[in-house]
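*Asks:* Residues per chain are reported as follows:
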Amino acid sequence: MIDPIAAYGNMESIGNVATNATRSTTFIDWMGAELTKANGAINDADVNLKKLAANEPVALHEVMLSIEEARLQFQLVTQVRNRILDTYQDLLKMQI
Amino acid sequence: MDWLTSFAISGAGMKVEQTRFNVAALNLANANAVIGRDGAGFRPLSVITGTTNYSAPFKSYMQNEQMLASYAPRIQGIVEQNVSPRQISMPGHPEADDKGFVQVPGVNSTLEMLNIITALRAYEGNVVAMNAAKSMAQKALDIGS
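Quick note, the sequences are listed as chains F and D, same order.
So the first sequence is residues 76 to 171, counted in this note's numbering.
So the second sequence is residues 73 to 217, counted in this note's numbering.
Be a bit skeptical, because a hint or two may be false.
Restricting the straight-line Cα-Cα distance to at most 30 Å, the calculated cross-link-like pairs of lysine-lysine (DSSO-like) are [as the list claims (entries may be wrong)]:
| hint | chain 1 | residue 1 | chain 2 | residue 2 |
| --- | --- | --- | --- | --- |
| 1 | F | K112 | D | K211 |
| 2 | D | K171 | F | K126 |
| 3 | D | K171 | D | K87 |
| 4 | F | K112 | D | K87 |
| 5 | F | K125 | F | K112 |
| 6 | F | K126 | F | K112 |
| 7 | D | K206 | F | K168 |
| 8 | D | K206 | F | K125 |
| 9 | F | K112 | D | K171 |
| 10 | D | K87 | D | K211 |
| 11 | D | K171 | F | K125 |
Computed Cβ-Cβ distance ranges for the label pairs, DEER-style [claimed, not checked]:
| hint | chain 1 | residue 1 | chain 2 | residue 2 | range |
| --- | --- | --- | --- | --- | --- |
| 12 | F | P132 | D | L183 | 42 to 48 Å |
| 13 | D | Q210 | F | W105 | 18 to 24 Å |
| 14 | D | E196 | F | M169 | 34 to 40 Å |
Just so you know, the hints here were simulated from the structure itself, not pulled from any lab data.
Positions of the beta carbon are idealized from the N, C-alpha and C atoms, including for glycine.
Same shape as in the complex, but just chain F (with noise of 0.2 Å):
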């Protein structure tokens, strides 16, 4: 028995799909998650530093570990945005 003509799958969950992909994360929303991520490395090192000058039992390893990632992550931060600001200039400076 042939079937009848339908719709081919769920059109619906296609339309999704594409709408999604065009508001996938953008910059600004990647930018934004490393800077709370740097500012959290930074909160857990300052905690962890804290507990040390306090005298807390806080093993010294992972104090450096914490200060070392936080330090990382920010530099991660900022060489994204000098290039992005280099680029931003560049496109500045173009004579149209």
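Go by the hints and put chain D onto chain F.
*Replies:* Same frame as chain F, now just chain D:
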């Protein structure tokens, strides 16, 4: 980020080595602590280390880098060494038995010194590995500049 895995692995290694050092130092510190006649007292300890993740087959983490950190070492337990106490002749001691002997923990000082040195060197190795991971991450940030 990915280098956090390297940091976590080296940090776990440092924690294990610090514990091994602490236990060896504790054994040395208690080497001459007298065990009472009732048997209450210090026994030499040793550290049992293991991996965090035993269940997954070894080759599976070759395919999934996130699983590397789950193979980081950890302290499984600190157990008493199976050594009998040493007998020392100290007739005047309040804990001495009828024959004038007191018991002290059977700490092997040479072995504990060896443990301290190996723990120190392994800790240094973990620090070197962590610094190398940091240098690699910083070099990666230098790309293009």
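*Asks:* Hints first: check each against the structure and report whether it holds.
*Replies:* Structure-based check of each hint:
no. : hint                           : in the structure
1   : K112/F with K211/D             : 21 Å, holds
2   : K171/D with K126/F             : 52 Å, violated
3   : K171/D with K87/D              : 45 Å, violated
4   : K112/F with K87/D              : 25 Å, holds
5   : K125/F with K112/F             : 20 Å, holds
6   : K126/F with K112/F             : 21 Å, holds
7   : K206/D with K168/F             : 36 Å, violated
8   : K206/D with K125/F             : 24 Å, holds
9   : K112/F with K171/D             : 68 Å, violated
10  : K87/D with K211/D              : 27 Å, holds
11  : K171/D with K125/F             : 56 Å, violated
12  : P132/F with L183/D: 42 to 48 Å : 27 Å, violated
13  : Q210/D with W105/F: 18 to 24 Å : 21 Å, holds
14  : E196/D with M169/F: 34 to 40 Å : 53 Å, violated
Checked against the numbered hints given earlier, the structure breaks hints 2, 3, 7, 9, 11, 12 and 14 and satisfies all the rest.
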